[in-house]
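Asker: Using the hints, position chain Y against chain S.
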Amino acid sequence: MITSKHLDRLSPPKQRSKVERYGVALLGALSLLGIAATVWLGLWVTPPDVNMGQLVRLVYVHPPVAWVAYLAFGVAAAASIAYLWKRTRSPFWDRVAGASAEIGVVFCALTLISGSIWGRPTWGVWWTWDARLTSTALLFVLFLGYLALRKVPGNPEARYKRSAIAALIAFLDVPVDHFSVLWWHTLHQPPTVLDAGLTPHIHGIMAWTLLLGFCSFTLGFAWLLVQRYRVESMRQQLDEESLTASLAERRAEADATADAEADAPTSTRPPVGTIAR
Amino acid sequence: MPGNADAARLLPGAAAMSAHRRSMVRKLVVVGVVLAGAIGFLLFKGIGSALNYYETVSQAVASRAQLGSSTFRLEGKVVPGTLHETASAVDFALESNGVKQDIVDHGSPPQLFRPGVHVVLVGHFQGLNFVSDRIMVKHSANYIAEHPNRVAHQSAPSRSRARGAGNHQPPA
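Here the protein sequences come in this chain order: S and Y.
To convert a position in the first sequence, counted from 1, into the numbering used here, add 4.
To convert a position in the second sequence, counted from 1, into the numbering used here, add 6.
The following block holds chain S by itself, in its conformation from the complex:
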């Protein structure tokens, strides 16, 4: 964990422009306001559903959270492709992929939890092994594995490359997860918004509240991505500077020892060619 003590050791960070600073702050503020408005509209303004009654209110949170998980894994996969492609290869893309995958794992966990909370009163069960739920759980575990793989020590370039390949393999589960409700028999309902004909099955203020939820959580993802990327950049800078400083200290110690040996009186040393008796 990076503390203020560690940060003091870092070389001064590159001065960020005003646009960058205020832009990121605005992103966070808009996201918070949007999520607050979604909660207010979802809980107090929108009507109950004709079938679900008050249980419908989780629709304003669960699908946007799942969407952010997909988006985050998509960004991780795109950044991994950018790293693997020689023309764009840079540690920047590895950091983006790692940061995005971490956010994706958190939102995937939230998707599983909110879905379970919604499933108990509507379906009658907390969990069932249908294709949608199973593939979502698999997606969560696959990206947990990806995050673990990123921690395996080794040559940085080899580490970045194997992580990028792992992210692409894990991402293959995203389309399977999304289309599972159309490809197989599932207890989970088909898509409400992103169906084959892109025709929403929700209307009026319910649809607008859902749209606001999607936009707000997406802004929240963008803000989290920027912050997580910064933390990762500082951690890497700290690692590099700590190693460089330690090496410099050891070199100085080695030089001092060599100088001391050179300055030592020759009488203490046995003459060359003599045999001690």
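One or more of the hints may lead you astray.
Said to hold, decoys possible - One-sided and incomplete, this derived list gives chain S residues near chain Y with beta-carbon spacing under 10 Å:
{"hint": "1", "residue": "56"}
{"hint": "2", "residue": "59"}
{"hint": "3", "residue": "63"}
{"hint": "4", "residue": "125"}
{"hint": "5", "residue": "126"}
{"hint": "6", "residue": "142"}
{"hint": "7", "residue": "146"}
{"hint": "8", "residue": "207"}
{"hint": "9", "residue": "208"}
{"hint": "10", "residue": "210"}
No lab work stands behind these hints, which were simulated from the structure alone.
From the three backbone atoms N, C-alpha and C, an ideal C-beta is built for every residue, glycine too.
Answerer: The following block gives chain Y in isolation, referenced to the frame of chain S:
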């Protein structure tokens, strides 16, 4: 950036770092094995259950001989007018593609269970009936406002009150 070999030779804790590295690799191998086990379990459950999560009533009735008395999931729509509650069970008919099946359920139906909804039951054939012990409600992707004009109804009286006309009717 200095190379790893250079670092290992010059740093005082090079041996300790190497031991730490080995310990970390060991931990990661354990994590990897656990994750691989989790993935294997999920794939096993997926192949075994998720890909053929349920049989519709028409499919199950058509392959009744093969299904025998084995436990499986059955999907269909609760036929309106067939629902009867007794002290220990709920009886109703389930329908899909024009094929009906009589059901006897001994579980506790979820709160959204009612005539006309699609359900998935867990149970087996017994005589002429399908006996289940769990009902799961399969709701649609459609969300429809219960009172589409609720906001208009609620805001109209408040506007009326503002104008001094207080004799509004509550929304239906």
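Asker: Any hints from earlier that this structure breaks? Give me their numbers in increasing order, please.
Answerer: none
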